[in-house]
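> Taking the hints into account, I'd like the entire structure generated from these sequences.
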Amino acid sequence: MAAVSRHAIQAGANVRVGRTRWRRFLGLLTPALIVVMLMVSGVLTGGLPVSIAAEGQRRIKIEIEDMSATGYGAFPRFFQTQDGRKHPVVVVGLSGVRASGLCGSGKVQTPLGDYVLRVETKGGQQLRADDLKFAIENIDGADLAGGAITLNRHDTAPDGTPVDSGHEGTLPITARSVLLDLHADVRWVTVSGLKLSAVDLTGGTDVKECF
Amino acid sequence: MRLRWELSWARWGRWRRSRPFWAGLVSLVGGLTILLLPAGQFTVLALPGIAGLAGFLLGGLIAAMGPLLWFFPEQRVVLGIAIVLLALASFVYSNLGGFLIGMLLSIIGGSLAFAWAPTPQRSIPPRSQPSPTPRPRP
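In order, the protein sequences belong to chains A and B.
The numbering of the first sequence is my numbering, which starts it at 1 and goes up by one.
The numbering of the second sequence is my numbering, which starts it at 1001 and goes up by one.
No lab work stands behind these hints: they were computed from the structure.
We put the CB at the ideal spot given by N, CA and C, even for glycine.
Treat the hints with care, since some could be wrong.
[To be verified] Computed spacing ranges between beta-carbons, pair by pair:
(1) A:Thr30 x B:Trp1012: 28 to 34 Å
(2) A:Gly27 x B:Phe1099: 39 to 45 Å
(3) B:Trp1022 x A:Arg77: 37 to 43 Å
(4) B:Trp1005 x A:Asp206: 51 to 57 Å
(5) B:Arg1011 x A:Thr30: 32 to 38 Å
(6) B:Leu1085 x A:Val92: 30 to 36 Å
(7) B:Ser1018 x A:Val92: 51 to 57 Å
(8) B:Trp1005 x A:Arg21: 31 to 37 Å
Laid out in structure tokens, this is it:
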């Protein structure tokens, strides 16, 4: 038996083993990390659009000084949780989103306390996103304060009369100085073509909500 | 019993050393991070929009390439470069590459795969044989 196993080990010793050549490793890692640094700085300066998808239950507070977008639909969908249950949600789609003076905050309850994630644009800078979709499971309450929201009133005729400006099936939305306190369960958010320029992103248990 | 355990441990060690094992494992974990981060605690198979789909596509491809490195180690250079490129793409298309963690793990895994090489087989000089019985001189 011992002779057989010794023979097996000796036979295995013929297998070609390998090792990592660390110079070669750095040769690929270094340029890749340089590209990563360029991309991170591109995102922070707003030059590189990124896509984001997030899920969970969030309470979101949004404060907007000036915003324009085109709503292209609110349609029902289902999503499935791990227990197999299907939940109905309403998906709101917005395209061509431009927002300035934006502050958005979401509070998540964790075992360590309330964790607040806060996104804020710096003065005069604009946040742009090509496409934004979010799924609302239910709305407990939506408080809207100040300012004005106009729907389908992007353009006006020379005499000042608003004219339909959106494509068929879309709804241009313009908002000014709006405080929106949305107590809703947002199940997921997807954003594509997001251009963040001079955005402050802070998160932590000691971060305050927008209002 | 102990011998059998030693034998299987030796066999496992040989299997591990004869392929870019750690490169595959790190890539697999990186890909799964990109794949699973948007999913959270829900099983939403496909979120609409490029961000939802790209996470599954890029994360899934990177995660699949990890085991491919184990079973086709001869393709390590191509797979390693592909993993690094997919990881870089995931930064733009999927939640900043799994919030940077998945992307960095995949880049390290891809670079490890690219850098792995089998050690050249040493040619052992033949041992000097004792000379056969001396021939009787004519």
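> Hint by hint, note whether the structure agrees.
Each hint tested on the structure:
no.	hint	result
1	A:Thr30 x B:Trp1012: 28 to 34 Å	holds (33 Å)
2	A:Gly27 x B:Phe1099: 39 to 45 Å	violated (27 Å)
3	B:Trp1022 x A:Arg77: 37 to 43 Å	holds (42 Å)
4	B:Trp1005 x A:Asp206: 51 to 57 Å	holds (52 Å)
5	B:Arg1011 x A:Thr30: 32 to 38 Å	holds (36 Å)
6	B:Leu1085 x A:Val92: 30 to 36 Å	holds (35 Å)
7	B:Ser1018 x A:Val92: 51 to 57 Å	holds (54 Å)
8	B:Trp1005 x A:Arg21: 31 to 37 Å	holds (33 Å)
The structure shown violates just one earlier hint, number 2.
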